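Each chain, letter by letter, is given below.
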Amino acid sequence: MAAAVQVYSDAIRKTLEATLCLRAFPSEIIEKQSKPEIELNGYSSKTRQLVLSPIYLCRSEKEKCVIEPSINSTRISFSIKALDEVDRLIGEKFAKYLAVRADYFEILRRKPIPGYDISFLILDSHLEKYSVQGIINFIIDYVENIDKDLSDIKLNINTQARITAACFVGGLANQ
Amino acid sequence: MTESYLKQQKLVTHTWSPDGQFVALSIKNTSNADIYKIGQLEKIGTWQKVSTLKDASQQINVLSWSVDNKILIGSDDRSVVVYRNINNQWSKDLVIITNEKAILSGEWAPNGQKCVVGTACHKAFVLFFEEKNNWWHNQQINCFYSSVTACRFHPSGRVVGLGSTDQTFKLVSCVIQENMNFEDQTYNGLFKDIRTFGEILVTINLNGWINSIDFTQSGNKFAVAAHTGLIKQYSFNEDGSLIVDNEDKNATYIKETKPFNKIIYLNDSTLVGVGYDRKPVLLSSEPTLKFTSIIEKCLAAEGEVQKSGSIAAAKQMFSGKGQKTEDDKFGHQTAITCINKVSDSLISTSDVNGIINFWRI
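Just so you know, the protein sequences line up as chains A and B, in that order. Position one of the first sequence corresponds to residue 1 (my numbering), numbered consecutively onward. Position one of the second sequence corresponds to residue 1001 (my numbering), numbered consecutively onward.
Hints should not be assumed to be uniformly reliable.
Unchecked claim - Chain B is nowhere near these chain A residues, computed Cβ spacing over 12 Å in every case:
#1 K62
#2 N137
#3 I140
#4 T164
#5 G170
Unchecked claim - Some but not every residue of chain A turned toward chain B, in silico, with C-beta under 10 Å:
#6 F25
#7 P26
#8 E28
#9 E31
#10 Q49
#11 L127
For the record, the hints were derived by calculation from the structure and aren't laboratory data. Keep in mind the model is a prediction, meaning the values are calculated, not measured. Here a beta-carbon is modelled for each residue, glycine too, at the ideal position from N, C-alpha and C.
Just chain A, with the same shape it has in the complex (with noise of 0.2 Å):
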């Protein structure tokens, strides 16, 4: 299982090492501005150039990442791997809970992309102010962990859930 994992973040890592080569660059579109250009991907045609084809990276049918580079930004999108309804329910309430922090963590978008639970977008001016290495680094910890981290909160559930259980059933039988 670890070693399953070892090898998706690994894939990502190589990845990230290749796209997270930036640069700033003035928008083509609008005069003085400077935009990340993975965002503005489609609203005009002239910048089309400047956005890279999108690396898609599956570990299964449901987890998967997808990794978008540009010339000055680049997006991350992971989807989270789940089995249920209680799955796909802490998924989300993890994910919103990251996302209305996002100020917090810089790199991380305040909205998913569509199709995909959390997405990163990292910046040329994140690059200068924070080691490519350690961005590289956080973003591998958090593939690692999630899947812990979201099996210790089911756990949790499932063990809150059977005490609420015993005590309502033996409150019950007591009367």
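Starting from the known structure of chain A, arrange chain B on it as the hints suggest.
Then chain B, alone, in the frame of chain A:
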């Protein structure tokens, strides 16, 4: 003081004066260009600021010093300014240019009589001085589908190599018809008979954004660096036509890790590339492009290693104190964005965090 100022204010690019006594730095946070007089070359603390050029309102991307002591500045605010040094004062000339977006690249011609700028509005402009109007006028080269990110004059000054984010490199003629006396009349090499403007002589598709271009001093070869990690070297025939599809003459070097931002020829047989790997890479260009070595230590690191003797180093090791690697103390922590030749055996590199390093070849 200068070092901490640069680290705080951040650096975009730098250029040396022809005599090597002065350096102009483009400061990111203030959008100014500062000119420093060099004290001791590798000790940035000894550099003295002598003037500041304040006419740009946004980041200055282009900073070029001509052989006849003029400075070209191109900025994100789409302005281009040419400064002349008159009695140790920098005065600006009027520049007429019809670009609509930011200036991304630019350079003076070898004789300093004209210059080229590449812009984000998919055009390049060749600027020349009109004495009767006392201004710099332009002629535009409009053959790209995306931003012009790299430009370099051929040593003849009659053709210019332009690279773009539409993944093409083009060699374009740039002789100004009205002012043939701008050209170097004593030049007797390739392209000496070119008389046109805007004629595309060569188009090459490199399947990646063009980051940098350079010609050899003799002008018979040039190299193009693309964002795919590729450097491709091309040779000219004696009649000026390009040799293509010939693996013996056209050399390719592919870097497996990260792309090069800038390349320069130190001489006809040595090419230096710098980029996201944060250390200069030496390549030999004759007979074919081949990796030689990575320059591991900058000049500052060499000096420091000599100072700390073996006893001090051993003491630190046995005391178990974590010794900072030279990569942490010296060298670049982010991608190298600019490289300049200081002398035949010395190059200078700078990154966005305000670090300027010198490397001995």
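task: Could you work out which earlier hints the structure fails to respect and list their numbers in ascending sequence?
output: Result: no hint breaks.
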